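Sequences listed follow chains A and B, in order.
For the first sequence, the residue numbers in my numbering are 412 to 673.
For the second sequence, the residue numbers in my numbering are 14 to 341.
FYI, nobody ran anything at the bench for these hints, they're computed from the structure.
There may be inaccurate statements among the hints.
Some chain A residues close to chain B (C-beta under 10 Å, calculated; not the full set) [what the hints assert, rightly or not]:
1) 468
2) 525
3) 596
4) 597
5) 598
6) 628
7) 629
Keeping only pairs whose Cα atoms sit at most 16 Å apart, straight-line, the calculated EDC-like set for lysine to aspartate or glutamate is [to be verified]:
8) A:505 x B:212
9) A:558 x A:548
10) A:505 x B:293
Note that the coordinates shown come from a computational prediction; the quantities given were computed from them, not determined experimentally.
C-beta atoms are modelled at their ideal positions from N, C-alpha and C, and glycine is treated no differently.
Residues per chain are reported as follows:
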Amino acid sequence: METDVLLNVTQLKKAFGGVMAVAGVSFNVVHGQIKSIIGPNGAGKTTIFNLISGVLSPLSGEVYFQNQNLIGLSPHQVCVMGISRTFQNVILFKRMTVLENVMVGRHSRVNTNLISSIFRLPAFKNTEKAIIDKAMELMAIVGLDRKAFEMAQNLPLGEQKLLEIARGLATDPKLILLDEPAAGLNTAELEAIIRLIKKIREKGITILLVEHNMRVVMDVSDEILVLNFGERIASGTPEEIKGNERVIRAYLGKGVSFARSR
Amino acid sequence: MSEKDSIQKRIENRNLGFWIFLGIMMSWPIFYPNPYYLNVMIFTGINTLVATGLNLLFGYAGQISMGHATFLGIGAYCSAFFTVKLGWNPWLGFLIGVLITSLFSFLIGLPSLKLRGYYLAMATLAFGIIMETFFVELKSITGGPDGIGGIPALSLFGFKFHTDLRYYYLVWVIVACLTLLVINLVNSRAGRGMRALHESELAASVLGINTFRYKLAIFIFSAIYASIGGSLFAHYITHITPESFSIMHSILIVVMVIIGGMGKIWGPLLGAGIMTILPETLRAFEVYHEIAYGLILVLIMIYFTDGVAGALNFVFKKIPFFNKKLIS
């Protein structure tokens, strides 16, 4: 059982000024699962992502990934360990092409030295070709292979989100943190994201998802963790969460059920 | 499969413009060896080199340096000091200039590249002012305000670069080689890394890029370009004084990069060309030449927000033949 745990978070705490954004949260992510973190705005979901990925350092608590401590590592080191992420507000390299964006994602997985790249030695050409092949493969998975040479800033939001996921996948992650991949998408784009999330899992990549769209969360999740004001208020399978009284109260106020709200 | 090949080709093809440019630069003096034009073009070449280095740092990686003339100065003074005062081989002076510049830029970059934006500009500006003072006051090495004169001409295997024509070719071959290196660098893993950190340091670091190490490496790389430019400058004019490496010159280099077009391969060339040739051509306006000069720069900044290279890119994109081959 213990060996199946990919990510172990223990008593994680983070304060901004006097506000406890994350107030001692503990959870496990099991290898191969899709786990969702939900909760009202300000519940600390994105902060948890920032703490795991090394963007912020916690007040206290521990984060173990494959039994190695992540606390104190910088973001690029966390990436090398095998954790990738996307951003709630989509941060692309806007003035680079779609292809180049994904190629940047390969950065930590290839090693061309400066000499061979500025003198265009054969070693460089081979790795470069491998990077392009891998990038094209990932763009095909998310359905952007036809737009390789478009500037990232010219894509509609839905495709920008897909591109960000492709770029994240290019780092060969074992775990990918998706921060609200469905926010702002229309119905068709929503279906595409759901299919993509399932496809990523089929590739053996574990997913930790922060999402407000309940249709997506209930559809894809194996397990859901519910936060409110930086604390865990519930966790369990989608079925269990749907019927949980505290969750319903936190989200919708008393007496409304998810079944009816859908 | 064929699709993948075309992608590779499309990426490789961007160098065509470079070879056309090289052909023009190498052939015009044969038909029209006017010494005055050669002189202006030698300075243009040296400025292009320095601006190309700064463009890498400022245009591609997004980190400003307001003290780049300092590195130009270190290169020039190393060349002057080791050849005139110690009588060493000029190329050795060149090399020592590059090494000392690397050391200085490393030491300056280490603390100051933790800063961003205006603060980085202030730190590098301060460094430039300090070094300017050293150039004037460190009389035993730099010769003080009088500078160092009698710097010997460069020679390679007995071939002396003592005429303008020869020096022109020397400078522009070096410019061409070092520009090609930049083209290659920009379209490589490291180049993508630095363009990525320009757009978002956060996203770049999350994707596994050690942003600080990259900034430092590019800072050193671009300082070396300035140092080479400084050495070439010293051996050409044979007498250097501290004014050539003042804060005003640092600002001029930044202006070249901006006017030419930040983050464009041709930006520094066009910027250096405009900033070097324009004052010369405007001499016809006599006392009004500074007004005309300023006016033209203002108009460029108003109408070509991406610099002259950006404007040319826009024009070339409309022409189908160039569309896929020249734009980089």
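Against the structure, the hints:
Taking 10 Å as the C-beta contact cut-off toward chain B, the hint placing residue 468 of chain A at the interface is violated, the least distance being around 14 Å. For the restraint placing residue 525 of chain A at the interface with chain B, the shortest Cβ-Cβ distance is roughly 6 Å, inside the 10 Å limit, so the hint holds. For residue 596 of chain A, the interface hint is violated, the least distance from its beta-carbon to any beta-carbon of chain B being 20 Å, above 10 Å. Against a cut-off of 10 Å between C-beta atoms, the interface hint on residue 597 of chain A is violated, since the closest Cβ of chain B lies about 25 Å away.
Because the closest C-beta pair between residue 598 of chain A and chain B is about 28 Å apart, greater than 10 Å, the hint is violated. This hint is violated: residue 628 of chain A has a C-beta 23 Å from the nearest C-beta of chain B, more than the 10 Å allowed. For residue 629 of chain A, the interface hint is violated, the least distance from its beta-carbon to any beta-carbon of chain B being 28 Å, above 10 Å. With a C-alpha separation of about 7 Å, the suggested pairing of residue 505 of chain A with residue 212 of chain B holds against the 16 Å cut-off.
Proximity of residue 558 of chain A to residue 548 of chain A is assessed by CA-CA distance (about 13 Å); at most 16 Å being required, the pair is judged to hold. Proposed proximity of residue 505 of chain A and residue 293 of chain B is contradicted: the alpha carbons are some 39 Å apart, above 16 Å.
Of the numbered hints given earlier, the model fails hints 1, 3, 4, 5, 6, 7 and 10; all others are met.
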